[in-house]
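Those protein sequences? They're chains A and B, same order as listed.
Residues in the first sequence are numbered consecutively from 1, following our numbering.
Residues in the second sequence are numbered consecutively from 1, following our numbering.
Honestly, I wouldn't trust all of these hints.
[As the list claims (entries may be wrong)] In silico SDA-like pairs for lysine to any residue, Cα to Cα no more than 25 Å straight-line:
(1) LYS15/B x ARG76/B
(2) LYS15/B x GLY63/B
(3) LYS15/B x ARG97/A
(4) LYS15/B x ARG4/B
(5) LYS15/B x GLY62/B
(6) LYS15/B x GLY28/B
(7) LYS15/B x LEU173/B
(8) LYS15/B x ARG219/B
(9) LYS15/B x ALA67/B
(10) LYS15/B x GLU72/B
(11) LYS15/B x GLY57/B
(12) LYS15/B x TYR239/B
(13) LYS15/B x LEU91/A
(14) LYS15/B x HIS177/B
(15) LYS15/B x ALA58/A
(16) LYS15/B x ALA101/A
(17) LYS15/B x ALA60/A
(18) LYS15/B x ARG240/B
(19) LYS15/B x PRO70/B
(20) LYS15/B x SER42/B
(21) LYS15/B x ALA223/B
(22) LYS15/B x LEU226/A
(23) LYS15/B x THR231/B
(24) LYS15/B x HIS200/B
(25) LYS15/B x VAL100/A
(26) LYS15/B x THR98/A
(27) LYS15/B x LEU280/A
(28) LYS15/B x GLU177/A
(29) LYS15/B x LEU220/B
(30) LYS15/B x LEU60/B
(31) LYS15/B x ASP56/B
(32) LYS15/B x THR150/A
(33) LYS15/B x PRO87/B
Because the hints were derived from the structure by calculation, they are not lab data.
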Amino acid sequence: MLEVIRGPRVLLACCVGATLGGGGAVMEALFRNPLADPGLIGVSAGAAMAAALAIVMADAVGAVLPLPRGWQLPIAAFIGGLGTTVLVYALARRDGRTSVAGMLLAGIAVNAIAGAVTGLLTYVSDDQQLRQLTMWSMGSLGGAAPGTLTPALMLMLLSTLGGLLLWRPLNLMLLGEAEAFHLGVAVDRLKMTAVVLVAVGVGAAVAAAGPIAFVGLVAPHLVRLLGGADHRLVLPGAALLGTAMVCLADLAARTLVLPAELPVGLILAAGGGPFFLALLLTARRRGDLP
Amino acid sequence: MSVRLNRASYRVRSKTLVDDVTCAPQRGRLTVVLGANGAGKSTLLRLLAGEIAPTDGTALLGGRPLAAWPAEDLARRRAVMPQATRPLPLRVAEVVALGRAPHRRQSSAALDARVVGEALEEAGVAHLADRPVASLSGGQRQRVALARTLAQLPPPRARDSAVLLLDEPTSALDPAHQHAVMAVARRVAADGAAVVAVLHDMTLALRYGDDAMLLRDGRLLAAGTADSVLTESLLGATYRCRVRFLPDPVTGGRVAVSEPAAA
């Protein structure tokens with residue numbers, strides 16, 4: 001049982017946590033905005049929209065993606081996440097340059113549109129589909145179809161390790177975009193590399209486990225509160241902390257209401273939210289925050 | 001190796017920010033750039049830095065278009081000092097050490113540490129080395145930017161192929177530190193680098209400039225040695241106001257004063 005059920009599940013939890021935590025740190029550094037998280041570039045919203053399509057219009061999607069049972073939803077989610085990110089990136093490009101503010105705004109707009117489509121699909125879904133949609137959107141580490149797990153894990157590993165290698169240019173980005181260029185960073189190439197890495201990793205994570213919010217935002221924040229702004233520390237720290245958060249949340253999800261199982265996203269928000277708030281208040285009392 | 005603009009223009013949509021400028025800041029000399037607000041000084045500096053490419057004409061370093069230089073190779077030869085370092089949650093010494101980034105393949109940890117130490121001393125911020133940048137004043141952060149820029153430059157013996165660009169390096173500084181920063185700029189020029197400084201203070205320009213460029217409405221109004229270019233009439237035309245020089249009886253230098261054009 002350990003090898004067949006628990007092993008893959010814990011492995012998935014680790015990879016999802018590392019990808020979301022590390023990806024969040026990369027996005028915050030790239031956008032130089034502490035509120036940036038992987039969702040900002042449209043990965044999660046795009047994946048959710050595609051997942052809703054795969055659930056509500058299963059026959060039509062099946063005609064386009066003739067895949068075995070269980071593969072349709074994750075593959076559709078992955079393509080949806082990546083496609084949305086490419087769209088956001090393309091919208092923010094002008095004269096061969098990518099504007100960070102443009103990406104932020106395009107991301108907000110595209111997120112809203114994808115959210116509207118998801119909402120529409122939810123509205124027209126029947127009871128059975130509605131339940132499936134709701135469960136999917138709360139995230140679960142237990143639902144990954146056999147066979148889809150290995151490619152998802154590989155992509156997440158690639159994304160996390162690739163992100164770690166970006167610590168030096170991301171440190172220079174702290175100084176500002178122009179300053180990073182003055183110090184030898186090919187800024188536009190860095191933006192593309194980072195966005196693709198995060199989109200691939202988070203796309204795979206969402207495809208395998210549904211949208212798990214919160215980790216990408218909180219893990220890098222916690223690491224910076226504890227250890228400063230140096231990305232040599234922030235990137236691996238956020239990945240490790242994300243791993244711990246998702247693993248612990250999944251442990252709680254599996255054991256709290258035996259024999260049933262809570263959605264892992266719910267646990268993360270319910271447990272992590274108050275914890276993060278307490279930490280912020282403590283930091284403010286100590287004077288570490290403005 | 002030197003940097004030059006050949007009939008370079010920079011347009012954003014229908015607005016021309018830099019208009020048909022040809023210039024080649026000389027190695028071993030400090031070139032000061034003066035002009036009114038919006039005259040194109042910062043855009044000119046960004047063109048020389050390779051940060052933007054001219055929409056017409058060319059910008060070259062060592063005969064090769066700046067845009068064709070890999071960013072890291074370029075960063076080992078030219079450094080740019082911004083007006084100030086952002087208030088980051090990093091320590092001053094850490095920020096200055098970021099200046100060593102383009103040298104990572106050629107340098108060693110020991111060399112980096114020595115260069116960073118010297119840069120902190122030279123910019124007068126060694127006593128702040130362990131402070132978070134976010135806790136410093138605007139003037140202190142401007143000197144941190146200078147230290148980081150100095151750490152990026154090649155060592156003094158190898159500076160004759162270096163270019164140092166300074167964007168209003170004294171804008172937030174008290175008089176003593178203004179002189180200290182300009183003295184550093186002069187020393188870097190004496191090492192052989194081409195140094196370009198955008199300045200607003202005419203008296204500082206008179207005192208420290210070897211060469212000068214005057215910009216008006218994106219065009220080069222005059223360029224040449226400081227003696228030939230920094231005159232009452234040309235500065236008056238540059239700023240569209242009256243400029244007079246008064247002799248300083250102690251140093252034998254000159255002090256520039258300005259009056260409204262209508263007076």
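Hints versus structure:
1. As the CA atoms of LYS15/B and ARG76/B are separated by approximately 33 Å, the hinted pair breaks the 25 Å bound.
2. For the suggested pair LYS15/B and GLY63/B, the alpha carbons sit about 28 Å apart, so the restraint of at most 25 Å is broken.
3. Of the pairs offered as hints, the one joining LYS15/B and ARG97/A holds, with about 19 Å between alpha carbons and a cut-off of 25 Å not exceeded.
4. Straight-line distance between C-alpha atoms of LYS15/B and ARG4/B comes to about 23 Å, which keeps the hinted pair within the 25 Å bound.
5. Proximity of LYS15/B to GLY62/B is assessed by CA-CA distance (about 30 Å); at most 25 Å being required, the pair is judged violated.
6. Among the hinted pairs, LYS15/B with GLY28/B is inconsistent with the structure: their alpha-carbon atoms are about 34 Å apart, more than 25 Å.
7. Annotation: proposed proximity of LYS15/B to LEU173/B is violated, straight-line Cα distance about 33 Å (limit 25 Å).
8. Between LYS15/B and ARG219/B the CA atoms are separated by roughly 13 Å; this keeps the pair inside 25 Å, and the hint holds.
9. The straight-line distance between the Cα atoms of LYS15/B and ALA67/B is roughly 22 Å, inside the 25 Å bound, and the hint therefore holds.
10. With a C-alpha separation of about 31 Å, the suggested pair LYS15/B and GLU72/B falls outside the 25 Å cut-off, and the hint is violated.
11. For the hint pairing LYS15/B with GLY57/B, the CA-to-CA distance comes to about 16 Å; that is within 25 Å, so the pair holds.
12. Straight-line distance between C-alpha atoms of LYS15/B and TYR239/B comes to about 20 Å, which keeps the hinted pair within the 25 Å bound.
13. A distance of roughly 24 Å separates the Cα atoms of LYS15/B and LEU91/A; the hinted pair therefore holds under the 25 Å criterion.
14. For a cut-off of 25 Å, the pair hint linking LYS15/B to HIS177/B is broken: about 37 Å separates their Cα positions.
15. At most 25 Å may separate the alpha-carbon atoms for a hinted pair to count; LYS15/B and ALA58/A exceed this at roughly 53 Å.
16. For the hint linking LYS15/B to ALA101/A, the alpha-carbon distance of about 22 Å falls within 25 Å, and the restraint holds.
17. Note on LYS15/B and ALA60/A: the hinted pairing is violated, with a Cα-Cα distance of about 51 Å set against a maximum of 25 Å.
18. Between LYS15/B and ARG240/B the CA atoms are separated by roughly 21 Å; this keeps the pair inside 25 Å, and the hint holds.
19. Of the supplied pair hints, the one linking LYS15/B and PRO70/B is violated, its CA atoms being roughly 29 Å apart against a limit of 25 Å.
20. Of the supplied pair hints, the one linking LYS15/B and SER42/B holds, its CA atoms being roughly 15 Å apart against a limit of 25 Å.
21. Annotation: proposed proximity of LYS15/B to ALA223/B holds, straight-line Cα distance about 23 Å (limit 25 Å).
22. Note on LYS15/B and LEU226/A: the hinted pairing is violated, with a Cα-Cα distance of about 47 Å set against a maximum of 25 Å.
23. At most 25 Å may separate the alpha-carbon atoms for a hinted pair to count; LYS15/B and THR231/B exceed this at roughly 29 Å.
24. This hinted pair checks out: LYS15/B and HIS200/B have alpha carbons roughly 24 Å apart, not beyond 25 Å.
25. For the hint pairing LYS15/B with VAL100/A, the CA-to-CA distance comes to about 23 Å; that is within 25 Å, so the pair holds.
26. The suggested pairing of LYS15/B with THR98/A holds, with an alpha-carbon distance near 21 Å, which does not exceed 25 Å.
27. With a C-alpha separation of about 46 Å, the suggested pairing of LYS15/B with LEU280/A is violated against the 25 Å cut-off.
28. Proposed proximity of LYS15/B and GLU177/A is supported: the alpha carbons are some 24 Å apart, at most 25 Å.
29. Distance restraint check for LYS15/B and LEU220/B: the Cα-Cα separation of roughly 17 Å lies within the 25 Å cut-off, and the hinted pair is therefore satisfied.
30. Taking the CA atoms of LYS15/B and LEU60/B, the gap is about 23 Å. The hint holds against a cut of 25 Å.
31. Taking the CA atoms of LYS15/B and ASP56/B, the gap is near 13 Å; set against the 25 Å cutoff, the hint holds.
32. At roughly 54 Å between alpha-carbon atoms, LYS15/B and THR150/A are farther apart than 25 Å, so this suggested pair is violated.
33. Restraint check: the Cα-Cα separation between LYS15/B and PRO87/B comes to about 33 Å, which exceeds 25 Å; the hinted pair is violated.
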